[in-house]
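Colleague: Residues 69 to 361, numbered by my numbering, are exactly what the sequence shown covers, in order.
Misleading hints may appear alongside valid ones.
[Claimed, not checked] Within a straight-line C-alpha distance of at most 20 angstroms, the following computed EDC-like cross-link-like pairs (lysine to aspartate or glutamate) qualify: (1) Lys216 x Asp305; (2) Lys216 x Glu205; (3) Lys145 x Asp325; (4) Lys252 x Asp271; (5) Lys270 x Glu256; (6) Lys145 x Asp125.
[What the hints assert, rightly or not] Derived CB-CB ranges, DEER-like: (7) Ala199 x Arg349: 24 to 34 angstroms; (8) Leu198 x Arg278: 46 to 56 angstroms; (9) Ala96 x Leu255: 45 to 55 angstroms; (10) Trp225 x Asn200: 19 to 29 angstroms; (11) Arg349 x Val233: 28 to 38 angstroms; (12) Arg133 x Met108: 19 to 29 angstroms; (13) Met297 x Leu198: 14 to 24 angstroms; (14) Gln154 x Pro275: 35 to 45 angstroms; (15) Arg278 x Ala257: 19 to 29 angstroms; (16) Leu194 x Ala124: 51 to 61 angstroms; (17) Ser223 x Ile254: 41 to 51 angstroms; (18) Met197 x Tyr296: 19 to 29 angstroms; (19) Trp157 x Phe112: 19 to 29 angstroms; (20) Val99 x Ala141: 32 to 42 angstroms.
I should point out that these hints are in silico values taken from the structure, not numbers from a laboratory.
What you are looking at is a predicted structure, and each value in this text was computed from that prediction instead of being measured.
Ideal Cβ placement from N, Cα and C applies to all residues, glycine included.
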Amino acid sequence: MRVQARRSNAGERAIFHAKKNRSIGDWAILVLLCVGGLLMLFPFIVLLLNAFKTAADYQSSGPLRLPHALSTAGLMKFWSRVNFPQKVWNSVWISALVAIFGVVLSMFNSFALGIGRVRGRRWIILLIMLANMMPQEALLYPLYIMFKGINLYNSPWAIVIIFTVIQSAFGTYLLSSVYGTFPKAILEAAAIDGASRWRIFKDIVFPISRPTLSVMLVFFFIWTWNEYMIPMAFLVDNATQTVPIAISSLSGDRLMDVTTTAAASLISLVPTIIFYLIFQRTLSRGITTGAVK
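Please build the complete structure, drawing on both the sequences and the hints.
Modeller: Listed below in structure tokens is the structure:
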């Protein structure tokens with residue numbers, strides 16, 4: 069108990085001295101970071117203010133004032149108009165499958181390119197990098213022709229296939245450079261011991277790269293959840309559409325229900341926030357640990 073008390077007192081003294089020794093530059097950086105954080109939170113604060121207003125309250129008080137009374141009319145209107153639970157389910161299973169398939173495909177591709185030393189690997193990685201730079205608008209027409217020909221147009225599986233390829237292209241470019249710096253001594257020792265390629269991948273490469281793969285899984289899920297253009301072009305029926313398309317249906321050419329749109333945007337953030345909170349430790353551990361220890 070005495071040792072613990074001494075350690076706690078020493079820690080408190082160190083924190084006190086660190087606060088006391090801060091320079092003017094340190095305080096200036098701290099103030100700038102706080103201001104930057106408030107600027108980043110400002111759109112969310114405006115969204116939160118207007119999500120619980122009525123249309124009349126918004127017209128009278130504007131977007132930056134507190135609501136006179138909390139109203140859930142916008143939330144209920146959006147919930148019933150677009151069948152929100154169905155849209156959430158569509159977004160969840162599409163994003164989850166893309167994240168899982170994208171990570172698995174990136175992992176195998178990167179193992180072949182980074183460790184397997186495929187002939188012409190530099191040109192392959194260059195082509196993958198160029199493919200990542202291509203805008204999605206350029207992909208719409210050829211993808212439409214292809215999926216129309218195989219009877220997958222207006223099917224959520226078309227979105228799963230398209231974004232699995234897109235996300236895995238980025239993942240392959242990222243992981244192949246990581247696997248390219250993998251210690252050769254470990255691989256050579258495993259090969260001398262008689263380990264096959266599959267065993268090297270399963271018992272050595274995969275456990276070490278698991279933190280990086282977990283980060284990719286989280287990012288692939290969130291990126292796919294927020295996609296709008298390709299799902300809008302490929303998902304025509306109301307039963308197959310995702311959350312971003314449902315939100316866009318609230319605005320027309322000449323009229324937009326601001327409070328309902330704000331409520332819809334707020335409620336659409338909840339699943340991604342929950343997903344992020346569940347995998348927060350995994351994400352922070354993957355960023356700080358790195359791919360190769």
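Colleague: Hint by hint, note whether the structure agrees.
Modeller: Going down the list of hints, with the structure as the test:
1. A distance of roughly 15 angstroms separates the Cα atoms of Lys216 and Asp305; the hinted pair therefore holds under the 20 angstroms criterion.
2. For the hint linking Lys216 to Glu205, the alpha-carbon distance of about 17 angstroms falls within 20 angstroms, and the restraint holds.
3. With a CA separation close to 11 angstroms, the supplied pair Lys145 and Asp325 stays within the 20 angstroms bound.
4. For the suggested pair Lys252 and Asp271, the alpha carbons sit about 15 angstroms apart, so the restraint of at most 20 angstroms is met.
5. A threshold of 20 angstroms between alpha carbons decides the hint, and for Lys270 with Glu256 the separation of about 15 angstroms falls inside it, so the pair holds.
6. This hinted pair checks out: Lys145 and Asp125 have alpha carbons roughly 16 angstroms apart, not beyond 20 angstroms.
7. Between Ala199 and Arg349 the CB atoms are about 33 angstroms apart, so this pair conforms to the stated range of 24 to 34 angstroms.
8. In this structure the supplied range 46 to 56 angstroms is violated for Leu198 paired with Arg278, their Cβ-Cβ distance being about 29 angstroms.
9. Restraint check, Ala96 to Leu255: a C-beta distance of roughly 49 angstroms satisfies the suggested window 45 to 55 angstroms.
10. Separation of Trp225 from Asn200 is about 23 angstroms and conforms to the stated range, judged on CB atoms against 19 to 29 angstroms.
11. Checked against the hint of 28 to 38 angstroms, the C-beta distance between Arg349 and Val233 comes to roughly 30 angstroms, which is consistent with it.
12. The hinted range of 19 to 29 angstroms is satisfied by Arg133 and Met108, whose Cβ atoms lie roughly 21 angstroms apart.
13. In this structure the supplied range 14 to 24 angstroms holds for Met297 paired with Leu198, their Cβ-Cβ distance being about 20 angstroms.
14. Here the CB-CB span from Gln154 to Pro275 is close to 39 angstroms, well matched to the stated 35 to 45 angstroms.
15. Look at Arg278 against Ala257: about 21 angstroms separates their beta carbons, and that is inside 19 to 29 angstroms.
16. Checked against the hint of 51 to 61 angstroms, the pair Leu194 and Ala124 passes, with Cβ atoms roughly 58 angstroms apart.
17. For the hinted restraint 41 to 51 angstroms between Ser223 and Ile254, the CB-CB distance of approximately 44 angstroms keeps it satisfied.
18. Here the CB-CB span from Met197 to Tyr296 is close to 24 angstroms, well matched to the stated 19 to 29 angstroms.
19. Between Trp157 and Phe112 the beta carbon distance is about 25 angstroms. The supplied range of 19 to 29 angstroms therefore holds.
20. Range check, Val99 to Ala141: about 40 angstroms between beta-carbon atoms, so the 32 to 42 angstroms window is met.
Going down the numbered hints, you'll see the structure goes against just number 8.
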